[in-house]
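Chains as they are written, first to last, in our numbering: chain A, 1 to 405; chain B, 1001 to 1162.
Incorrect hints may appear among the rest.
[Claimed, not checked] These stretches of chain A come out as covered by chain B in the derived footprint (C-beta under 8 Å, 3 or more residues):
#	segment
1	20-28
2	68-82
3	158-170
4	398-404
[Said to hold, decoys possible] If you anchor each label on the Cβ, the simulated ranges turn out as follows:
#	chain 1	residue 1	chain 2	residue 2	range
5	B	A1023	A	D258	50 to 60 Å
6	B	D1089	A	P382	32 to 42 Å
7	B	P1124	A	T18	37 to 47 Å
8	A	D279	B	G1056	30 to 40 Å
9	A	R184	B	E1058	53 to 63 Å
10	B	P1124	A	S316	49 to 59 Å
11	B	Q1117	A	E286	43 to 53 Å
12	B	A1053	A	P207	26 to 36 Å
13	A	D186	B	A1053	45 to 55 Å
14	A	T18	B	Q1066	26 to 36 Å
[Stated by the list, open to error] Lysine to any residue pairs mimicking SDA-like chemistry, simulated, CA-CA at most 20 Å apart:
#	chain 1	residue 1	chain 2	residue 2
15	A	K96	A	F331
16	A	K61	B	S1048
17	A	K61	B	Q1078
18	A	K96	A	K191
19	B	K1085	A	T6
20	A	K61	B	N1112
21	A	K96	A	F257
22	A	K191	B	S1048
23	A	K304	A	L326
Just so you know, the hints here were simulated from the structure itself, not pulled from any lab data.
All figures in this text were calculated on a predicted structure; none of them were measured in a lab.
Beta carbons are placed, not taken as given, at the ideal position from N, Cα and C, and that holds for glycine.
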Amino acid sequence: MTLSATPPPEVISRSDTTMVLSMGPQHPSTHGVLQIVLEIDSENVVKADPEIGYLHTGIEKSAEGLFWTQAQTVIERMDYLAPSSNALCYALAVEKLLGITDKIPQRAQTIRVLTGELTRIASHCVWLGTHGIDLGAISVFFYCFDLRENILDLQEATGGARMHPNYMRVGGLNGDLPDGLLARLDALIEKFPRRMRELRGLLQANPIFQDRTIDIGTLSPEEAVQWNVTGPSLRASGIAYDVRKAFPYCGYETYDFDVPTRSEGDAYARFLVRLDEMDQSIRIIEQARRRLDTPGPVMIDDPKVALPPKETIALSMEALIHHFKLISEGFRVPPGDVYHSVESPRGELGYYIVSNGENKPYRIRTRPPSLYNLQALKGIAPGNLIADLVVMIGSLDPVFGEVDR
Amino acid sequence: MAVGTVNPGQFMLARLDDVARWAQSSSVWPLTMGLACCAIEMMTVTSSEYDIARLGSEVFRSSPRQADLMIVSGRVAQKMGPVVKRLYDQMADPKWVISMGACASSGGIFDNYAVIQGVDTIIPVDVYVPGCPPTPDGLLYAVNLIQQQIREGGRGGILARA
């Protein structure tokens, strides 16, 4: 195969005082395939331009060729650290367009909250582990990934895959929770506070970690808003904007939780906010767990959207027809457009979906939080050292599957 | 040193070639190159639950000059293709390649304008690992197969299938 593009040069240009270097796309601390066009004066950063697109996958375009239910498969692969958040947001948006938001069963909503918060903890575990490695604290990685492994085991039990469970469906869930899952969840809830104490003990009061992160990459509230930053990075600058509180979905208004904020706006504040968020997530999970003791349906009772129960297919002609129609040509969504957003681990994740009445989406546009958070790098990097740039990228927590899509 | 008596069990005779291959296969150092979802599972193999250190491959090197094994972990976008090719060219011989996951092996579910339909169209691949993403066990097995290839000779085109 002939490759159309040429790889970027390592040294782009050079003058008497400054040098323009290419940092990435293969670099241990760019968290994926980010390239930064870096203008430096000896060790000092003069200008840092994030160059994106090295993971452009055409997910939005691919989704246009798939049925509404199938599109979820590719959408889960956008933000691969929090696939359930993506799937949830997409399902909620399509449900809004179908006008069935009020008919989603209570149990399905609770399980959606549960998986959404579990995926948030798992995502923050990856962030903390890799952030630690970037700063030379390798043991944090092992603690984080051990905790993440417990969550992935639960995900695997629900959907069948470790990373992309594809458990959400338009109209509810793929199936009820498997037997024994709640007992494993209880074990996780019990283990969690001890593990969080260990994680905090490793880094929070560590003088090297504090030296590397305090007053680094400070983002003032005004700047954060101007750069369109959302999520933990915004809340670390003192603005308590959380989609779960501002525009509640899946019954988040009935859960008791706080939105942790800090006023400093530096990398250390972002670190603390994410750790506090993990504590709040487990609080929500505990509340959701208590609601799961009562059984109930997990899929909407609407044969036009939901597959009929398997046992009815052999007995009822009507069920057989619905099953055949849904599998062979999917369901149709009324024409119109809709925007829906959820709070993903990185911020406000939104989907703008246009339907022309067909069984496939006409257009899907994502509002990926990582993309907007990453552009703040351009504002905070100048004037710092190259070594601090690594801290700033880590503290903004970009995921390139989502940035490039 | 004077020649003394030789006790039984003190020496082992082997062909130098075999010893070299044994040593080489026990320290296959991968390149730190994460592309997409599979990169997270690639990181997971170094964690305590899977522990790739048992195979001697825990030393992820950030410089292609120091790496023996390239793990193509995820979808290769058209823009990333030339970079992957150059990294492969920069690695010193002998070198091995694992194509991790459906996207790297064949484009996977992304049969569109943006994704290279299989990294084997730009660089030679030794072991393909199926899965989306493959489990860390799958990657460990692929590294095992690479070790087997090094010890027994022969290259190319193995599917890591249970």
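I'd like to know which numbered hints this structure contradicts. Please list them from smallest to largest. 9, 13, 16, 18, 21
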